[in-house]
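Each chain sits in its own coordinate frame; assemble them with the hints.
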Amino acid sequence: MGQIILEKVSKTFGDVEVIPPLDLTIEDGEFTVFVGPSGCGKSTLLRLIAGLEDMTSGTLKIDGVDATHVPPAKRGLAMVFQSYALYPHMSVRKNIAFPMRMAGVDKAEQDRRIEQAAAALNLTDYLERRPGQLSGGQRQRVAIGRAIVREPEAFLFDEPLSNLDAALRVGMRLEISELHKRLETTMIYVTHDQVEAMTMADKIVVLRAGFIEQVGSPLELYHKPRNSFVAGFIGSPKMNLIEGPEAAKHDAHSIGIRPEHIDVTDSGGQWQGKVAVAEHLGSDTFFHVHGTGLGETLTVRATGEVGYKHGDIIHLTPRADQIHRFDASGLRME
Amino acid sequence: MATQHSRSAARLMMAPAVILLLGWMLVPLTMTLFFSFKKYLPMRGGDLGWVGFDNYIRFVTSSAFWPSVTATLVIVLGVLFITVVFGVLLAILLDQPMWGQGIVRILVIAPFFVMPTVSALVWKNMFMDPVNGLFAHLWQAFGLTPVEWLSQASLGSIVMIVSWQWLPFATLILLTAIQSLDSEQLEAAEMDGAPALSRFGFITLPHLSRAITIVVLIQTIFLLSIFAEIFVTTQGSFGTRTLTYLIYQRVLESQNIGLGSAGGIYAVILANIMAVFLMRIVGKNLDA
Ligand SMILES: Nc1ncnc2c1ncn2[C@@H]1O[C@H](COP(=O)(O)OP(=O)(O)OP(=O)(O)O)[C@@H](O)[C@H]1O
Ligand SMILES: [Mg+2]
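Residue numbers (the numbering used here), protein chains in the order written: chain A, 1 to 334; chain B, 335 to 622.
Extracted from the complex, chain B is given alone in its bound form (with noise of 0.2 Å):
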């Protein structure tokens, strides 16, 4: 697209796209902006009109607001480290020439075809629950007393179903990115005298820092709204209140149109913010 007109013309053809997205974008984002200065209780009298900044200030003031943020960086933080070490490791292993190559491939990448839904009953009720599950019947076989994964580890639960269910999207990722490694760098690097733990730190990393940046920028959009997850196991309880599960519970346990909306402004502002650190320690990547 050198010339004036072919960019004149490529503006045009893009232009219902974009009208569309930001319709998309922009209706929602101002219905809520406009329902977080109103006190609306759909239950309770409806709309009972303009109350300023009133619900963000009892938003932020409530005592569940900062567990709700630090449980939700907790989550994001916890799944980004787990999948981009394993995916990288995976990742290692699945590009090593094997028997049946095809069908481990497929297998490492099946749970992400399994609904969130889905996959956090099955880890609740096969693997996590504290009489039938496997892990219960596995620290039982070792004589130890079962886990209550869900109550007691509630957190770390979550991290690992999550993890579970984001982390071949992450091998997949770097699995073709370690596919398109020039193996002459490797090559020339063992020449070098690089031993295989100082190839994959000088060379293979570098090369993959990109796509560990893509990735990392794209589970971070997914895991800030994590919901599914946590409905279906923990209801929200034993810290597990993410600020999405917060803000549902305004909205529809306490039928509080107003303060929900207040709440999700603030986890726009709180994404806002997620993204420029990532594109801040990150983002150098994308444009070498």
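The shape of chain A in the complex, shown without the other chains (with noise of 0.2 Å):
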């Protein structure tokens, strides 16, 4: 059970208005992602559900209890923090089993869960160490652990991969994941990351300045941004967006086209334009493309190794089917 209902929850901070009203629900068992440029709200917003801020107005529900002024320790909400705020003077063991010890659970009870998350994060090994002395993945998995053992309602998010490297930060992902499908629990999942957003979520909220732009699936998303903002912010590399006598001709005020959906030609394309940048990836190619007259940059995508350089002109072609239209205020167009 985890279903979390906000209903017309808003947040000021002194005269500055975090998060105007909004509404959201959040099924139990759901993944679901808050995603948005930074200081737009998405901290704010988990901690609001955590209870670690009051809100200024509205309420809020989990399972159909009303949990607006319900302390954060009984609301049976786990969250791990970007700095994950383990307990420094503390070892692994006691670290996990904190939470265990406040809520009065027997002591045979804490070691049988202490050992199974253990051995599901690959800690065992590390159990009587020092925060101190481990990695930052390990100190990801301790945090993890310790809000694992509570078995919460539902797991909050903050940023947790934000401190990684890279290739630690593709595991941790998928190690998440893999949880998520195990526990079936609620979990939500703050990142300002979108390729988080899409390979992890069953469902993203796109937030901008505290507004909620979209909610939906990933490929909801990606396939039909309710806005340009949206179409902009998910999808990688960006969406161009290009506005002018080129939108006026689908009868728009702009068009976007993502990168992967435009064919490179040698010649007889719909537009031209002279590489400025090459990137090769080896599985992609993707140009950055000036002077084909429609606004700055275009991006392109193309699939595996294709050899143009820094000055070639190219040929380019939309396809057709897969032109995004907005209107002035920047709202889909069906």
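Keep in mind that the hints are not guaranteed to be accurate.
Unchecked claim - Ranges between beta-carbon positions, derived for each pair:
#1 B/M359 <-> A/P88: 31 to 39 Å
#2 B/L539 <-> A/A108: 53 to 61 Å
#3 A/G14 <-> B/L468: 38 to 46 Å
#4 B/L539 <-> A/G14: 49 to 57 Å
#5 A/E109 <-> B/V602: 51 to 59 Å
#6 B/I440 <-> A/V195: 45 to 53 Å
#7 A/D165 <-> B/F611: 40 to 48 Å
#8 A/D125 <-> B/F611: 31 to 39 Å
Stated by the list, open to error - Here are some, though not all, of the chain A residues that point toward chain B, as calculated from beta-carbon distances under 8 Å:
#9 A50
#10 A73
#11 A78
#12 F81
#13 H89
#14 F98
#15 P99
#16 M102
#17 V105
#18 A108
As the list claims (entries may be wrong) - Here are a few chain B residues that sit away from chain A, every Cβ distance over 12 Å (derived from the structure):
#19 M525
#20 I537
#21 F572
I should point out that these hints are in silico values taken from the structure, not numbers from a laboratory.
Ideal Cβ placement from N, Cα and C applies to all residues, glycine included.
Listed below in structure tokens is the structure:
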């Protein structure tokens, strides 16, 4: 069980309204990702759910019960912090045992759950160490272990991977996804990395300045972004947004076309331009094209090795069925 | 300072300071040792020659010796206890966001800037005076007989005065330590279901252990040698004669330099014993 419903929840710090009133439902067992640019209020929203900040107005329901004024400890939620927030003077074992000790779980049960969590998280060899003697990834796993043993209604993660290097991040991403599959517990995950959002989420919540711009599955957001902000934010590299006469041809204020939906040819394309930078990744090649007359730079993605280089003139053709149209206020037009 | 070259350069540059400090320490210590083996009475014949360990034996067998050691320990331990306990509480209080925080902090730190002599006199005459003191008035207001603080509760009074002086120091160090505590740790503990008291016991206090160690070590060094507070209040009477004060009396009141010097050496030994104990008890906090 772990359904979380926010109704008209808002938060102001002083006279700054960080979260304008918003509604959001997170279903039991769902992996929900909050994503958005820095400072948009993701952490604040998470802390409101956790109970670490008081709501300015609105109600929060956990499993149908009003939890607006329930203290954090009683909400049955476990949080993993960006800085891990491990207790530095306690061994890994004691760190993981802490929430159970506070809840008065008996010793044998504590040990059983610690062994189980340690085995699942590959921490068995480190149980007697202090957090200071662990690597970043190991600390991260201890923080997750401390959350798991409480058997919470839901897990809250605040950018848990942002302190790790790229390789470790991919590894931990998989581990957290696996954990979710195994436990089937509700998870709310904050990140500003849209790759994490796309790969892990059942449901993505895109935030901008405290407003929810769109809620949906990763592919919904990819194929049908509700406005140009979401269109630009989801997908990597970013969608090309084109205004002016080219957009007018489609009866729109602006059109968007993803780099992977533009075909590159030597000649005979709809647009042509000069390659400014070519990024060869082996699996893909990205071209940043200038001088197409469509605005600034156009980004194009070609699969595999494609041999154009700086200064080459290339021809580009957008796939007609993959063009997104937006009106003057940035909203999607069907 | 990783390379051979930079290490020897560092040694060379530190040498003057080290030599100066060593000299500063060694000269008085050697002179004290030197005089402690002599019968030396400035007003009554001056240097009367070597006497071996006579002074040492006379100093410890005097009836004033053990009471003075006890008085010293009571004052040092009493002040340490009060300053650490109240220092932690005050530091937690001052760490809370509140109106007029800057002024309150300066007020709390102010006693440290008052000279020991002055503060002891202020306490003696303005608070503890059995006729005109504020405490006397307070007691009378409740219809009680005023306490003669400095004679009836002499040791306690001195502990109170000295604690008042040292509390700001402890508070200041502990406050900086508390401010360096990661607030996410407290929040994590809160989410883990720890009530306020457990958060204090499991998170804040262990975080402060290092700062408490430093407060205890530094204060012990200074408290072992407090003098002015006793000099201007009780003059060593009513059981407030500490080892330091006893040495002062032997040297200046009895004009016996040899005997006083022997006492000085005992004081050094006592200080070292305390230091070893403290290092044992709290020192492990420092290298963790
Ligand atoms: N305690 C506070 N007092 C005042 N303003 C705050 C406070 N906490 C956060 N804010 C403001 O609220 C806004 C949202 O902050 P928040 O930490 O939720 O952003 P975020 O989306 O998590 O950003 P990031 O991705 O950088 O972590 C920011 O503009 C921030 O300055
Ligand atoms: Mg944040």
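Hints versus structure:
{"no.": "1", "hint": "B/M359 <-> A/P88: 31 to 39 Å", "in the structure": "37 Å, holds"}
{"no.": "2", "hint": "B/L539 <-> A/A108: 53 to 61 Å", "in the structure": "28 Å, violated"}
{"no.": "3", "hint": "A/G14 <-> B/L468: 38 to 46 Å", "in the structure": "43 Å, holds"}
{"no.": "4", "hint": "B/L539 <-> A/G14: 49 to 57 Å", "in the structure": "33 Å, violated"}
{"no.": "5", "hint": "A/E109 <-> B/V602: 51 to 59 Å", "in the structure": "56 Å, holds"}
{"no.": "6", "hint": "B/I440 <-> A/V195: 45 to 53 Å", "in the structure": "51 Å, holds"}
{"no.": "7", "hint": "A/D165 <-> B/F611: 40 to 48 Å", "in the structure": "47 Å, holds"}
{"no.": "8", "hint": "A/D125 <-> B/F611: 31 to 39 Å", "in the structure": "38 Å, holds"}
{"no.": "9", "hint": "A50", "in the structure": "6 Å, holds"}
{"no.": "10", "hint": "A73", "in the structure": "4 Å, holds"}
{"no.": "11", "hint": "A78", "in the structure": "7 Å, holds"}
{"no.": "12", "hint": "F81", "in the structure": "5 Å, holds"}
{"no.": "13", "hint": "H89", "in the structure": "4 Å, holds"}
{"no.": "14", "hint": "F98", "in the structure": "5 Å, holds"}
{"no.": "15", "hint": "P99", "in the structure": "4 Å, holds"}
{"no.": "16", "hint": "M102", "in the structure": "4 Å, holds"}
{"no.": "17", "hint": "V105", "in the structure": "11 Å, violated"}
{"no.": "18", "hint": "A108", "in the structure": "20 Å, violated"}
{"no.": "19", "hint": "M525", "in the structure": "5 Å, violated"}
{"no.": "20", "hint": "I537", "in the structure": "6 Å, violated"}
{"no.": "21", "hint": "F572", "in the structure": "44 Å, holds"}
When held up to the earlier numbered hints, the structure conflicts with 2, 4, 17, 18, 19 and 20 and fits the remainder.
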